[in-house]
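**Q** If you want the building blocks of each chain, they are given just below.
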Amino acid sequence: MEVTTTKDRQALIDRLTDEARRLRVEDIKMITRAGSGHPGGTLSAADMVAALYLHKLRVRPEEPDWPDRDRFVLSKGHCIPIVYAALARVGFFPREWLNDLRKLGSPLQGHPDRVRCPGVEASTGSLGQGLSIAVGMALAGKLDGASWRVYCMMGDGESQAGQIWEAAMLAGKYRLQNLVGILDYNQVQQSDLVKNILDIEPTVAKWRSFNWHVREIDGHDMRQILDALDEAEMVVDRPALILSHTIKGKGVSWMELNPDWHGKAPDQEQAERAIAELEGRRSPESGGDGEGGAS
Amino acid sequence: MAKATREAFGEALARVGEDPRIVVLDGDLLKSTFTYLFREKYPERFIECGIAESNMIGVASGLALSGKVAWAASFACFVAGRLETIRMSAGYQEANVRLVGTHAGIGIGDDGASQMGLEDVAAMRALPNMTVIQPADAVETERAVEYLVDHEGPTYMRLTRQKLEDVNPADYRFEVGKAVTLREGSEVALLATGATVQEALKAADELAGGGISARVLNVHTLKPIDREAILAAAAECGGIVTVEDHNVIGGLGSAVAEVLAEEGSGARLTVLGCRDYGQSGDSEGLYDLYGISAKHVSDAAGNAIS
Chain D
0 MEVTTTKDRQ
10 ALIDRLTDEA
20 RRLRVEDIKM
30 ITRAGSGHPG
40 GTLSAADMVA
50 ALYLHKLRVR
60 PEEPDWPDRD
70 RFVLSKGHCI
80 PIVYAALARV
90 GFFPREWLND
100 LRKLGSPLQG
110 HPDRVRCPGV
120 EASTGSLGQG
130 LSIAVGMALA
140 GKLDGASWRV
150 YCMMGDGESQ
160 AGQIWEAAML
170 AGKYRLQNLV
180 GILDYNQVQQ
190 SDLVKNILDI
200 EPTVAKWRSF
210 NWHVREIDGH
220 DMRQILDALD
230 EAEMVVDRPA
240 LILSHTIKGK
250 GVSWMELNPD
260 WHGKAPDQEQ
270 AERAIAELEG
280 RRSPESGGDG
290 EGGAS
Chain G
0 MAKATREAFG
10 EALARVGEDP
20 RIVVLDGDLL
30 KSTFTYLFRE
40 KYPERFIECG
50 IAESNMIGVA
60 SGLALSGKVA
70 WAASFACFVA
80 GRLETIRMSA
90 GYQEANVRLV
100 GTHAGIGIGD
110 DGASQMGLED
120 VAAMRALPNM
130 TVIQPADAVE
140 TERAVEYLVD
150 HEGPTYMRLT
160 RQKLEDVNPA
170 DYRFEVGKAV
180 TLREGSEVAL
190 LATGATVQEA
200 LKAADELAGG
210 GISARVLNVH
220 TLKPIDREAI
230 LAAAAECGGI
240 VTVEDHNVIG
250 GLGSAVAEVL
260 AEEGSGARLT
270 VLGCRDYGQS
280 GDSEGLYDLY
290 GISAKHVSDA
300 AGNAIS
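Chains D and G, in that order, give the protein sequences. Numbering-wise, the first sequence is residues 0 to 294 according to numbering that gives the first Met the number 0. Numbering-wise, the second sequence is residues 0 to 305 according to numbering that gives the first Met the number 0.
Just so you know, the hints here were simulated from the structure itself, not pulled from any lab data. A couple of the hints might just be wrong.
What the hints assert, rightly or not - In the EDC-like style, the derived pairs of lysine to aspartate or glutamate whose C-alpha atoms are separated by at most 16 angstroms in a straight line are:
#: 1; chain 1: D; residue 1: K172; chain 2: G; residue 2: D27
#: 2; chain 1: D; residue 1: K172; chain 2: G; residue 2: E183
#: 3; chain 1: D; residue 1: K6; chain 2: G; residue 2: D27
#: 4; chain 1: G; residue 1: K201; chain 2: G; residue 2: E174
#: 5; chain 1: D; residue 1: K28; chain 2: D; residue 2: D191
#: 6; chain 1: D; residue 1: K141; chain 2: G; residue 2: E43
What the hints assert, rightly or not - Away from chain D, derived, C-beta distances all over 10 angstroms, residues of chain G:
#: 7; residue: E83
#: 8; residue: Q161
#: 9; residue: K201
#: 10; residue: D204
#: 11; residue: G301
Don't be surprised by glycine CBs; every beta carbon is placed ideally from N, CA and C.
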């Protein structure tokens, strides 16, 4: 954990907050160009992704396979555009690649593809599987006595999958202190609110009972995000879960907590409104715009 | 000496286990899969995942993506039952995962249908980059395990619960993708894999007694399939009989049929295999009942050339 002055810390928070805003703008542009995608869950994850890629993760964009790098597994694979934006931002690939999201032949597949895209650690998109892969990586690191860490971001909806809990149990058993789970608890899944589909509460008690250290945060408060990531590094003898309370669609008022924006791209006009709002050129709008509809 | 291929696997794995890249994962079947032999020597590289095979496969992939050669063993039916996890977390990932399915087919006998892997080859063959290997005896299993340590990409190996007679010489060399001609012959070709290779050899003996020259091929690699050997058998023998302890859909018989059809071969093909979920009983009785014993192979061969 680095030692920083209060002033440095505030500067870091301000920088990362601004980076997260830029990632959101890039994300909306990307999904709009692609004409399909899952904006809601990318926007909820943006602050954490910014904190990871622009601060916490030890990676070498010019050497994506650097053996001692930290690993980030996006288990909620449909939200990869926000990670693509971050990967381009730190230089894993040229920013122009973002223009080809979901296009034929593009390394930027609709869901993460580790073989095609530099910087992507695991191919995911079938929900519930990413944590198992992250656990395997953490076990490998532990076997090798390595100092690198594994971060795995999960969705709240996918926490309904049994395999998540198989993986959580194994991580607890092997006391994987080099593993950090991040639950992007944005409250909404494809068809409805998580609590209406299959409530995952009590979430804190579940993870604690699987022998994980749990820290609850406001996942849109950069100070809390950074504190939680730092704290996770101090946890010994067990994996750490950052239970990140977020808002699906965060930053675009009419997408927020609206299941219609789980899996649908904005059109050009909507994208312009969204970006204007993200850039502070437009006031948040109240309520949904009634233009939703399942993809 | 007759030995179950699962046992030969466990012994071989413990032997190659000195390679520090090798990690073995178990789903509470270590005594049945013989991976306990590896655990005895290298407990620190043995990951007990409990009865949670989907997670075991994903964890194996994570290990593989971090430079390990991860062997995950369970019963064939339980491995193949996690097809979508294997597809996503191992295959699409291009992970160096070594999936091992023991207790293949009706040959397991008494435990019955729920424990019989009968669709696993079909499932694994359908994954684009999956190599599928089924050794026919102990020495072939050992050589295959040694080969797989350095193979690139995901693989599936299918092993038996029951003991199998030696069909290969002690100095046998394993070559992935190359069927082994165990018996030369010109009138009919018997293509077998795993436990049914010994049945095919017995059938060839019976046929020889009746003056019929039968070629016997041990198709230990089901994917990629040895097209050359199949086409040569078709051209030189005319009739082909395949026999496998697996469903007739998607296994050896299907693979051979695909090659023959794609190449426009006119060879007559008879596919022997299971068409059911299986049931309890003794191995030999089941092989007879399901039509994959030596007698059925020789009968089919006789019909093929009549």
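**Q** Taking the hints in turn, state whether each one holds.
**A** Each hint tested on the structure:
{"no.": "1", "hint": "K172/D / D27/G", "in the structure": "holds (15 angstroms)"}
{"no.": "2", "hint": "K172/D / E183/G", "in the structure": "violated (55 angstroms)"}
{"no.": "3", "hint": "K6/D / D27/G", "in the structure": "violated (54 angstroms)"}
{"no.": "4", "hint": "K201/G / E174/G", "in the structure": "violated (24 angstroms)"}
{"no.": "5", "hint": "K28/D / D191/D", "in the structure": "violated (25 angstroms)"}
{"no.": "6", "hint": "K141/D / E43/G", "in the structure": "holds (10 angstroms)"}
{"no.": "7", "hint": "E83", "in the structure": "violated (6 angstroms)"}
{"no.": "8", "hint": "Q161", "in the structure": "holds (31 angstroms)"}
{"no.": "9", "hint": "K201", "in the structure": "holds (44 angstroms)"}
{"no.": "10", "hint": "D204", "in the structure": "holds (48 angstroms)"}
{"no.": "11", "hint": "G301", "in the structure": "holds (49 angstroms)"}
Against the hints set out earlier in the document, violations occur for numbers 2, 3, 4, 5 and 7.
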